[in-house]
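Using the sequences provided together with the hints, build the complete structure.
As you go down the protein sequences, you meet chains G and L in turn. Heads up: the first sequence begins at 0 in numbering that gives the first Met the number 0, then just goes up one per residue. Heads up: the second sequence begins at 0 in numbering that gives the first Met the number 0, then just goes up one per residue.
Please note that a few of the clues may not be correct.
[As the list claims (entries may be wrong)] EDC-like, lysine to aspartate or glutamate: derived pairs with alpha carbons at most 16 Å apart: (1) Lys-27(G) with Glu-17(L); (2) Lys-27(G) with Glu-110(L); (3) Lys-25(G) with Asp-23(L); (4) Lys-52(L) with Asp-76(L); (5) Lys-103(L) with Asp-76(L); (6) Lys-41(L) with Glu-64(L); (7) Lys-27(G) with Glu-19(L); (8) Lys-13(L) with Glu-34(G).
[As the list claims (entries may be wrong)] Selected chain L positions facing chain G (Cβ under 10 Å, derived; list incomplete): (9) Arg-16; (10) Lys-41; (11) Gly-42; (12) Glu-46; (13) Leu-50; (14) Trp-55; (15) Ala-81; (16) Gly-88; (17) Leu-102.
[Said to hold, decoys possible] Beta-carbon label-pair distances, calculated as ranges: (18) Asp-23(L) with Gly-33(G): 18 to 28 Å; (19) Leu-22(G) with Asp-63(L): 26 to 36 Å; (20) Ser-30(G) with Asp-76(L): 12 to 22 Å; (21) Ser-41(G) with Ala-14(L): 25 to 35 Å.
These aren't lab readings, by the way, just hints derived from the structure by calculation. Every residue, glycine too, gets a C-beta built ideally from N, C-alpha and C.
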Amino acid sequence: MYTSNNNPISPFERAPETVNPVLTAKFKRLSEVGEAIKLLNSLPNEKANKGFVLPIVKFGNENPEVDYSIYTSSEEVKTYEDIPESKPQKETPVKDGEEVDLTDNEKDSVVTILDEDRLNSEEDRVAAARRYVEAVTRDL
Amino acid sequence: MIQKIFKTILGNNKAEREAELYRDLIRHEAKIGGELFGPIPKGGRREFFCLDKRTWVWHEEWTDENGQQHSKTTRYDVRPNAIFKAQDGSHYKPVSEQEAKHLKEAALLYEKRIRTKIYNHIN
Chain G
0 MYTSNNNPIS PFERAPETVN PVLTAKFKRL SEVGEAIKLL NSLPNEKANK GFVLPIVKFG
60 NENPEVDYSI YTSSEEVKTY EDIPESKPQK ETPVKDGEEV DLTDNEKDSV VTILDEDRLN
120 SEEDRVAAAR RYVEAVTRDL
Chain L
0 MIQKIFKTIL GNNKAEREAE LYRDLIRHEA KIGGELFGPI PKGGRREFFC LDKRTWVWHE
60 EWTDENGQQH SKTTRYDVRP NAIFKAQDGS HYKPVSEQEA KHLKEAALLY EKRIRTKIYN
120 HIN
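Printed below as a string of structure tokens:
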């Protein structure tokens with residue numbers, strides 16, 4: 000095969016469709032399906048959710064039991080955000096004046112933090128820091 | 000002018016021929032896809048196929064105990080972060096992890112089957 004200036008060219012420089020439309024259709028389909036599989040494989044794993052389940056009947060099963068009721072299921076599928084387990088647990092904010100049971104270390108920390116709010120001088124800061132370190136390391 | 004018309008007709012015919020072949024291949028794939036889930040009950044019809052790179056279609060027809068015909072078409076839309084489905088033209092809903100896993104397994108098996116049963120025979 001030669002071009003007009005007599006340079007040989009590879010047969011692959013010709014598009015497949017110029018060769019055979021059946022092959023073109025084949026390549027297009029395989030390419031499309033290949034892309035679809037690639038896209039499916041790239042999906043991240045998600046947490047379990049409720050909803051319609053595509054039935055999988057193992058190939059070769061003589062007596063597959065396909066549950067056709069699934070096709071008429073009208074149950075609304077919840078989004079992932081609706082499932083409490085899928086969300087990180089948030090800390091409950093404490094209201095002003097509300098009593099909260101704290102551990103000893105937490106009490107010390109709270110006291111230290113409260114004290115720090117009232118710190119003005121550098122000396123106060125150093126003293127508060129010392130108290131904080133003592134409180135934290137007391138049980139170690 | 001005649002040459003131009005001739006070229007246009009030929010061009011259209013070629014494009015139409017390719018499009019027709021493409022559709023035929025999908026139809027053939029759909030039948031093979033429907034068999035992935037086991038034998039189809041008598042009087043029923045099942046098709047499963049890849050419509051394009053992000054859409055999978057499941058179509059089922061069956062007869063209930065009263066002899067009434069039913070059909071259901073489910074489209075699976077594969078998006079970058081999740082799979083959504085719509086049944087009989089309803090709104091898209093996200094699928095469960097289990098269903099996504101099943102769809103993936105079915106798709107992998109589908110690709111294998113169509114290669115063996117159709118495309119390995121086209122050279």
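Each hint, compared with the structure:
Among the hinted pairs, Lys-27(G) with Glu-17(L) is consistent with the structure: their alpha-carbon atoms are about 10 Å apart, no more than 16 Å. For the suggested pair Lys-27(G) and Glu-110(L), the alpha carbons sit about 14 Å apart, so the restraint of at most 16 Å is met. Proximity of Lys-25(G) to Asp-23(L) is assessed by CA-CA distance (about 11 Å); at most 16 Å being required, the pair is judged to hold. Straight-line distance between C-alpha atoms of Lys-52(L) and Asp-76(L) comes to about 9 Å, which keeps the hinted pair within the 16 Å bound.
Annotation: proposed proximity of Lys-103(L) to Asp-76(L) holds, straight-line Cα distance about 12 Å (limit 16 Å). For the hint pairing Lys-41(L) with Glu-64(L), the CA-to-CA distance comes to about 12 Å; that is within 16 Å, so the pair holds. In summary, the hint linking Lys-27(G) to Glu-19(L) is supported, as the alpha carbons are separated by about 13 Å, within the 16 Å threshold. For the hint pairing Lys-13(L) with Glu-34(G), the CA-to-CA distance comes to about 25 Å; that exceeds 16 Å, so the pair is violated.
Because the smallest distance between the Cβ of Arg-16(L) and any Cβ of chain G comes to about 5 Å, under 10 Å, the interface hint for this residue holds. The restraint placing Lys-41(L) at the interface with chain G is violated, with a minimum CB-CB distance near 13 Å, outside the 10 Å limit. About 12 Å separates the beta-carbon of Gly-42(L) from the nearest beta-carbon of chain G, more than 10 Å, and the hint is not met. Because the beta carbon of Glu-46(L) sits about 14 Å from the nearest beta carbon in chain G, more than 10 Å, this interface hint is broken.
Contact between Leu-50(L) and chain G, as hinted, is supported at the beta carbon level, the nearest pair being about 9 Å apart and thus within 10 Å. The restraint placing Trp-55(L) at the interface with chain G holds, with a minimum CB-CB distance near 7 Å, inside the 10 Å limit. With a cut of 10 Å, the hint placing Ala-81(L) at the interface with chain G holds, because the nearest CB-to-CB distance is about 6 Å. Taking 10 Å as the C-beta cut-off, the interface hint given for Gly-88(L) is violated, the closest approach to chain G being about 14 Å.
With a least beta-carbon distance of about 6 Å to chain G, the hint placing Leu-102(L) at the interface is held under the 10 Å criterion. The given range of 18 to 28 Å is respected by Asp-23(L) and Gly-33(G), whose C-beta atoms sit roughly 19 Å from each other. With their beta carbons about 44 Å apart, Leu-22(G) and Asp-63(L) fall outside the hinted range of 26 to 36 Å. Judged by the Cβ atoms, the range 12 to 22 Å given for Ser-30(G) and Asp-76(L) holds: they are separated by roughly 20 Å.
Remark: the range hint 25 to 35 Å for Ser-41(G) to Ala-14(L) is upheld by a beta-carbon distance near 32 Å.
The structure fails to meet hints 8, 10, 11, 12, 16, 19 from the earlier list, while all remaining hints are met.
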